[in-house]
Structures are given as structure tokens and as C-alpha cells.
Amino acid sequence: MKRNKQGPRRPFTPVPLPKGRFDPPNAPTSRQLIAIVAKREAGSLLRSKAFRISTTVIIALVLVAFVVVGVMSSSPSSNEPTSGPAHGPAGLFSSDSGPLEVAADDATALLLADNPNVELTPVADEQEARSLVADGTVAAAALTKADGHYLLIADTTAPEALVVALSTFPEVVLLTPDSYDELQSYLALVLFAVLFVVAASLFGNLIAQRSVVEKQTRIVEILLAGMPARALLAGKVLGITAVAVGQTALLTATVFFGSRVSGVTGVFGDLTLPMLWYIAFFTLGFLLLAAMYAGTASMASRMEDVSAAVMPVVLLIVLPYIFAFSFGLQPTGRAIMSFIPFTAPIAMPFRVLVDSVALWEPLVSLGILAVCAIGLIALAARIYERSILRTGARLKLLQALKGK
Amino acid sequence: MTSSVADALVVEGVTKAYSGRIAVDQVSFGVPRGVLTGFVGGNGAGKTTTMRIIMGVLAQDAGRVFLDGEPVTRAVSSRFGYMPEERGLYPKDSAASQVAYLAQLHGVDKAQAEGRAISLLDRLGLKKRAYDPVETLSLGNQQRAQIAAALVHDPDVLILDEPFSGLDPLAVENVTALLAEYTARGAAILFSSHQLDLVERITEDVVIIAEGQIRAAGRRDDILATRAGSRFRLAAPGDLTWVPSAPGVAPTAVEPGVIEFSANDDAAQQVLRLALDRGHVTSFGPAVPTLAEVFKDIVRDSAEEEDAR
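Just so you know, the sequences run in chain order F and B.
Position 391, counted from 1, in the first sequence is what the numbering used here calls 391; the numbers after and before it change by one each time, with no gaps.
Position 234, counted from 1, in the second sequence is what the numbering used here calls 234; the numbers after and before it change by one each time, with no gaps.
Hints may contain errors.
Simulated restraints on C-beta separations [said to hold, decoys possible]:
| hint | chain 1 | residue 1 | chain 2 | residue 2 | range |
| --- | --- | --- | --- | --- | --- |
| 1 | F | P228 | B | R300 | 39 to 45 Å |
| 2 | B | T226 | F | R47 | 57 to 63 Å |
| 3 | B | R300 | F | G20 | 42 to 48 Å |
| 4 | F | P16 | B | D297 | 30 to 36 Å |
| 5 | B | T226 | F | P16 | 40 to 46 Å |
| 6 | F | A378 | B | D61 | 26 to 32 Å |
| 7 | F | A378 | B | E70 | 31 to 37 Å |
Derived lysine to any residue pairs resembling SDA-like cross-links, with alpha carbons at most 25 Å apart [stated by the list, open to error]:
| hint | chain 1 | residue 1 | chain 2 | residue 2 |
| --- | --- | --- | --- | --- |
| 8 | B | K92 | F | L202 |
| 9 | F | K39 | B | S119 |
| 10 | B | K127 | F | P18 |
| 11 | B | K92 | F | T217 |
Treat the hints as calculated values from the structure; they're not laboratory data.
Since we're looking at a predicted model, the values are computed, not measured.
A virtual CB, placed ideally from N, CA and C, is assigned to each residue, including glycine.
From just these sequences and the hints, can you work out the full model?
Take a look at the structure:
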């Protein structure tokens, strides 16, 4: 049944139509208008299938990422200084299949003696070991050859755990160890950059499309006969921003939950504070971008023209993304970026994570972002007001600003 | 250019030019309460521009709009019911939800807005499809939803650009009856239409615009009578073939038993006397043109003026 898909969940209860003298309701205040528009925008977005599916997918991806990182970080850690020939951790022996029966000569038995998952059967030589393996008395046999190398004898397959136990790891000495290793830092940078770019462009394009749908279908003429353009713009921006921030908060909760459950340590065990900063930066940064998206999109009259119209705003998202990867891994580079309004939502939370950042730094950066947002939202409102009722060819930015 | 009753909505000297080309030029007319006022004019004559200026979605270069003597500000015009020339509703939303939404934007509280939306759609014959996405509706049904959108906040001033276009005859009757209820309650309604026979049938006041200028405005019957000018209509059961050869007479239409001709008053009285001498006369009087004829005359006049310039 296709019917009622977009309709209200419950049918409306009819009321008698007004009769007799006209009794016009009081015109809503701007604030009330903004709230009504914002509610509709947020509500219809939350009900849309595309939004529900994409949110579920993103959350699932984050959880999968944690499982992957969890598995990776529980494998042998390479940056802890160790001494002497190191051997693989014994914990890898699977415990649910019971202890592994292993025949070993004296020299090898010393190595395996501490391992609770191994049940040792002493053997004298290779000949004896072979026969024990062959008749199934033991799963495998481990011997030390004359040249000091180990020999593993098994029937059809070598028990992996035993191979690991007999393997030798090199000694690692780090003279200036990083607080976090480079790969994990890089992954954290990717996390913030991708989160921001994906959310900003996804929701930004959404708001652009919604503005142009109103313009293309001309319902905007009915809307603006009853309300100021600024109230319509503000309602739209606030409604979509609320959903975008809500989704980001949900992601943050997922990250928090994921790091707890997967037992990931290092960079990803520490994400709560940076993610909270990220939400703050995202909220302001997205308000700015959403207003710019709506403003520039209103210069187009048709869907086909939207992508060209919003190009300047797309650059405001893509360039920071490129900068993030070019300079984000250098402390000075990311310090500068963390105070530039467009790169700050990526760079500052990352710095909070990997550098020691004083509290004033994100606060000052947020302040700069707020001032910039107020200015650009005013500009976007001006463009929107002057373009939204004008149909025909796509307006040039300067035309829209001058209103001619 | 006077109306039957005191005008509620008054447009005064409104002028608007688009990049040098004048779209409406010193447009003045009134829309009284309690009757339907039809707004007729050719394509590009300036109807839509005038209506958009009344609604405040387009700024005029000069002139003013008043309601009950007060200048129409946004706060006033936001109370009006408006149906723009270019139709539009949210394609993915249901008619019910967006009509309710528009009511809320006009200050109707949520429960009332929803209840009125569904009652109104029911009234317009759209009950079964009220919860379907608007884009799945036929054009005629989208049109009904559009009318509901204009009426849902129960406005006492209605500005409707082509409300009947795309409606089948039954829907036209339905909407006409609904508008008649509004006029009976004292609403002022200005609607544009190209269906001149319909306008003639349902309106009491008419405003005719051509080339951005008002050519006639006021009571429909007065306008038609003025335009009757020197045309007369004679109906008699006997032979009428002698009439065209009477002095000072130019026939304009001849049917069995009826003749229309133009003549000055004296010549016309002479024809009547001659007809009475020959036998019975069923009727004699000025030949009242239809609105369509008057409209054609006016458009032709302005085209000639244009040529003369």
C-alpha cells in the first residue's frame, strides 16, 4: 500500500468550518512562525526514509569501526619497549576448545610450561614425537632443534596458537615515543574530518534542495504572502540544524558507547571530551553553513541549477577537508587551523584529543566562529530575501546582493 | 468607475515596471464586500502583477493599496487568502498536512488547523485523497488542494489568480458555491479568469485590464450597458428583411425573427415605428453585448491605440 505514506500517522479530526462573522486569528509573531516552520522541517526530515536509513548506516559503520579498531589494538602492541626475545602472548590460545595437548622435549617444555592452555607430554626425540602425533595422542609436538630453531610437528594443520607461541618478535626500542601512535592519530583526524564533511554537505544539500523545492513549486509565494522571508529562512535553518546536531549527538553517544564496549584504548578510548567540543563547533559551524546553503540555493529557480548556485559554500566545506589532511598532522598547522572558523570544527576537537590544549583555546575559537556565523548568516538572509521570489535564470551572487 | 457598495479593498495608482517595461500603469480600482469581483484581461495584461502587489509579495514602484481605508501592510495582507498564478504545494506532503501547516502559519492553532483542513478538503471533494502526497494527485485535485490552502484560515479578503483553471464543471460549481458562502458572509473577493462566460455568470463586479491599464471597473451590468452603445435588438414574428434597407441602419446580426443593428437613436426609433406598422413586435431594446464581446472590443481598441502610437 503506497497510500498514506507521507500523511499524518493519525487522520485529522474534522471540525466544522467557520460560519457567520469572520473572526481572523491573531497573526503569529516571528518567533512563533519560526517555531512552526522549524517543527515542520525537522519533523518531515525525521520521518523521511532516506534520513532514517542513512542514520542507521552511519551508526552501524561507527560500531563496525570500533570492532575493527578493537581487534587491531588487542593484537601485539609494538610500541612498548620490551627486552629479550619476546614471544607471542599466550592468551591467544583458545580456551573454549580445552587445553591443547602438545608433546615437547625438555628445552621446548620450558617455554610452554607457563601456558595454562597447553597440556604437555614430555618426549625424548623427534621419532617419539612423530609417533605420538601420528596416533593422535597429542595434537602437535614442539621440539628444539640443534641449531636452536623450533620444530613443530602436526597432523593436518599446525595449531595457529602454537605457531604464534613459538614465534620470535624483535626487540623494539623507541627513543621518543609518541603519546599516541601515528596511525591512531591519523584515524582520529579522519574521523573528525569525515564526520564534519559528510554531515555538513549532507544536511547542507538537503536544506538547499528544500529551499529550491519551495521556490520551484512556487509555494514560497503563498508562504511569503503570510510571513517575512527571514522567518522562513530562520525556521528552515534551525529545524534542519536541530536534526543535524541531534544526529551528531547520537553519533557521539555511539562513539562513547563503542569505546567502552570494545575496550579500545589509546586515542579512541579518549574521545568523549573531544566529541563534546565537536558538537559545540559543529552546531555553530553548521548554522553558518546551513544559512549559506539556503541563501545561495535561493538564487536558483530549478533543481538543475542548485549545484552551481551552492558551489561557493561547497568550497567552504571541501577546502577545510583538504587542509585538514595537508596540515592536520603538523602541530603548528593544526594549531592555526583550529582558530580559522571553517577549519576549526575539524581541527580544534582533534587538537583537544592529541595535543595538550588550554581551555581558553577552544572557547576563543568558538567565539571567532560565532562572530563569523552572525556575519555570514546576515549575508545569507540578505541573499535569500532578495532571490527567493525571483524566478527565471539563476541569479548571480552580485545581483542577489544588490537586489537588482 | 464606481462600485455598488463601499469598496473594502482599494487599489490606487499602482505602477510597476520590470527593467524599464511597464507592467501595470496607474492601476486603480475597488473591490467591495459581499459580491464577487472578476478580474479579466489578456495574457500579460497585468493581472498577476496587480494581485502580487496587493498580496505584498511584489513591491510596487508607485501607488498604494488600502483595506477599509487603512494602508495594507504585511500584517494586514497576511490575513488574506491567496492563490497565486503559479500553483505550488509541497509535492511529497499530503494535502491535509500542508493545508493544516498553512493554517498554522496564519495563526490557527494546531488542532483547529488540522480539523479545518480535513473538513475543507472534504467539502472540496478531496476527502479520499487528502492524505496522499500531492504529487500523486491529478491536476484538478491539486487545484482543489490549492483552493483549500487559500481558504483554510477563513480569510475575509480573497485574492485568487485563476481559481477555476483546470477544474471540471462539477468542481467549478462546487468552488463557486463555496465562494458564494464567503461573499454572503461579507468577504471581498477578487479573482482573475479567462473564462469570460463564467465571469459574466457569477460576478456582480468586473475589472477589465489591458496593456497594464484599467479599461473598465465597476458593476458588470453597467459596464455591459455602457458598451451596448448604439446597438439595438429587434424581435418580431413577421418578416424582418426590410430592416437593413431602412435609413441609417447597419445590421450586425440576423437570425430568424431577431435582428441586431447599429443606428443612432432617431433611426432606431424610426425602425421601431415601421416594425409596429407592419405588425407585432415581441421586443425592442439596446443589444447588451456579452462580456466576451466587450472584452474583445476593449482589447481591439487598445491594440489600435498601440498601432496609432
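How the hints compare with the structure:
no.: 1; hint: F:P228 <-> B:R300: 39 to 45 Å; result: holds (44 Å)
no.: 2; hint: B:T226 <-> F:R47: 57 to 63 Å; result: holds (58 Å)
no.: 3; hint: B:R300 <-> F:G20: 42 to 48 Å; result: holds (46 Å)
no.: 4; hint: F:P16 <-> B:D297: 30 to 36 Å; result: violated (46 Å)
no.: 5; hint: B:T226 <-> F:P16: 40 to 46 Å; result: holds (44 Å)
no.: 6; hint: F:A378 <-> B:D61: 26 to 32 Å; result: holds (27 Å)
no.: 7; hint: F:A378 <-> B:E70: 31 to 37 Å; result: holds (32 Å)
no.: 8; hint: B:K92 <-> F:L202; result: holds (19 Å)
no.: 9; hint: F:K39 <-> B:S119; result: holds (23 Å)
no.: 10; hint: B:K127 <-> F:P18; result: holds (18 Å)
no.: 11; hint: B:K92 <-> F:T217; result: holds (11 Å)
This entry does not satisfy hint 4, going by the numbered hints stated previously; all others are met.
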